[in-house]
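Asker: Here is what each chain is made of, one letter per residue.
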Amino acid sequence: MSSYYHLCARNIGRPVRVVTHNGEVHHGIIDRVDSYNLYLKPMGGGRNLGGYGIGFYGWGLGLGIALGSIATIAFLPFFWW
Amino acid sequence: MIGKTDRWIKKYIKEAEENNANTSDRIKLQQDYVINPLLPYFNGVNTMEIQQHLYQFGLFIPHKNEKDKIVRWLKKDFKSHVQKIYQYLQSKWDGPSPSIFILPSNEENRELSILFNGSSGLSYPDKLFLFLPVDATTKQLAALFIHEYSHVCRLHHLYKENQEMTILDAIILEGIAEVIVRKKLGKDAGNQYIRKLDNDVFERYWNRWIKGKEATKRHDHLHDKIMFGSHSIPKNLGYLLGYHLVNQYAEENSISMKKLLYLENEIFLSSLEERN
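Those protein sequences? They're chains Y and X, same order as listed.
Residue 1 is where the first sequence starts when you use our numbering, and the numbers rise one by one after that.
Residue 1001 is where the second sequence starts when you use our numbering, and the numbers rise one by one after that.
Don't read these hints as lab results, they were simulated from the structure.
Just so you know, even glycine gets a beta-carbon here, dropped at the ideal spot from N, CA and C.
Be a bit skeptical, because a hint or two may be false.
[To be verified] So, partial list: chain Y residues that the calculated Cβ filter (under 10 Å) puts toward chain X: (1) 14; (2) 19; (3) 25; (4) 48; (5) 49; (6) 53; (7) 55; (8) 57; (9) 58; (10) 71; (11) 74; (12) 75; (13) 76.
[To be verified] Lysine-lysine pairs mimicking DSBU-like chemistry, simulated, CA-CA at most 35 Å apart: (14) Y:41 to X:1259; (15) Y:41 to X:1067; (16) Y:41 to X:1064; (17) Y:41 to X:1069; (18) X:1259 to X:1211.
This is chain X alone, in the form it adopts within the complex (with noise of 0.2 Å):
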């Protein structure tokens, strides 16, 4: 089910221009009109929460001079697209049929603008967001949604249903996601963090960062330090390292993208003690 969010963003944006709306007026309309529809989704978490929450992901901060990039984002038929994209990976692997909200991403985030095109998304076993810029390509989308759509598959076919996961989950969850966009679209798509690192880089930080510590859960303050990175951990390092072992498990066995999708945490960690 594709979420009519084109329509909350219509009235939402008609609102704060009929009222001629501040910045903190936006905010409260668009939690309104964007994230209180988002309620039913989330499970004992208030609106602000969701919110605060989205904005991390990359969802669009509002502010007074937004008109007309929203009035375009709406011209937009982005979700004609996503249908396609997402009919085509749901047969091909078998895949859940989470809920899909798009919405506009947050445009005035260097970060995001130069790194991620733009482009950001978040994603959980039932559920999916896309955040997409008002100049998104049908190649930029297609990048983020098979992204995010792996994410949904590996979760609901491999997890339990509020089963706590740990750093190496995520780690092996981000690496197969940005390896199948590569092959999928070629190496000049998905996060431009992301680049292969030499063998013994890779051993170094594997060995002082993961090693001893692939059972740290998600709330661990570790955990996110890890993936996205901090003052002393390499930028999205989670990622970086998923995407080196996935890779090189992928290049040196021939295997379709739908098996490396639910492969066992095991069998990389395994190719990756053979190697050593």
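This is chain Y alone, in the form it adopts within the complex (with noise of 0.2 Å):
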């Protein structure tokens, strides 16, 4: 099992930048793991401020990344959150 298991699994709930292999960069919260992926939620969650966009729209719902894939993770400020 990757190392990364359980550091995620210790973490759910905090903000973090994981970088993979292929230079893919992804920020969100630990929302779970298993054996394979960490699944990510988006930040946010503060108030809606409204506005209109392109169709862009925060990091992705409910991203798995496989933990063999992942170079870093480096966790985020709680403040940012």
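From these two lone chains plus the hints, build me the complex, please.
Answerer: Here is the structure:
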């Protein structure tokens, strides 16, 4: 099992920045982790300040990141979200 | 008025690099130098809430290796391009004078990079934000500005201050923006999730998700699910439906872009009823 499994399991609910081996970067809050994947949920949860965009919103829901693809995980400060 | 965001970013990156700041410190520095100057433009909202909200819509998220990109971004003259297109559209559409803020976008986000050319925006009746990647082309910048400024114009002309908006308002607002972007710049411009729907698909989606729910308010959780999609709702559904509805109306009626921009929701809806 990936060494990241226990790290993530111990830190459910914390905001992170995850970089994968192929250079993808994901931001989110650790939602859950299983033997294969880490699932992030979008940060936010603050008030919706409205406004209208072009269709892009947030960091993607229910994102699963393969544990084997993770290069680094950095924990972000709580004050951020 | 175009805000002095380039100065804010310059101060931010200088401070971050001089202190060899880590990601957490940079997020805080971004608040100090880039977000705090925006406080007067939002009522009763704190710095973190603004920062979070702008992240959701595509503002750059600080990280340790961002210096080269930010420095290159600052060398681009996005401001004068925006100024030109803004003046042109403002007189053509009798548009208002919002505060405009141009900021770097979150280039690490794959969805944003692939489907939106790395460009994103956010607009209100009195202000608009443009989030641009360092290599944004003039055409991409124009597409984003046309989209967002059309929102400012329509919101300003048709709605009262603090009026609570509905899902129908949002669908038509977005449809108009994307139709105008494509008319002005060609079919390859704009949000790449948007594609032509077959009429029967449009009808199925409309009847399933919109009919009877037209008055759903902005704060209702269903609103954003319909606009952006969810596990059970197609991606960017509100945008797809809005584009289809407005595009069909524009194709069937010879109408100027300016008239289209200020057309009442009911006109689009009655054209839909006539077809059925």
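Asker: Hint by hint, say whether it matches the structure.
Answerer: Results for each hint:
no.: 1; hint: 14; verdict: violated (13 Å)
no.: 2; hint: 19; verdict: holds (9 Å)
no.: 3; hint: 25; verdict: holds (4 Å)
no.: 4; hint: 48; verdict: holds (7 Å)
no.: 5; hint: 49; verdict: holds (4 Å)
no.: 6; hint: 53; verdict: holds (5 Å)
no.: 7; hint: 55; verdict: holds (4 Å)
no.: 8; hint: 57; verdict: holds (5 Å)
no.: 9; hint: 58; verdict: holds (5 Å)
no.: 10; hint: 71; verdict: violated (13 Å)
no.: 11; hint: 74; verdict: holds (6 Å)
no.: 12; hint: 75; verdict: holds (9 Å)
no.: 13; hint: 76; verdict: holds (6 Å)
no.: 14; hint: Y:41 to X:1259; verdict: violated (42 Å)
no.: 15; hint: Y:41 to X:1067; verdict: holds (28 Å)
no.: 16; hint: Y:41 to X:1064; verdict: holds (23 Å)
no.: 17; hint: Y:41 to X:1069; verdict: holds (27 Å)
no.: 18; hint: X:1259 to X:1211; verdict: holds (26 Å)
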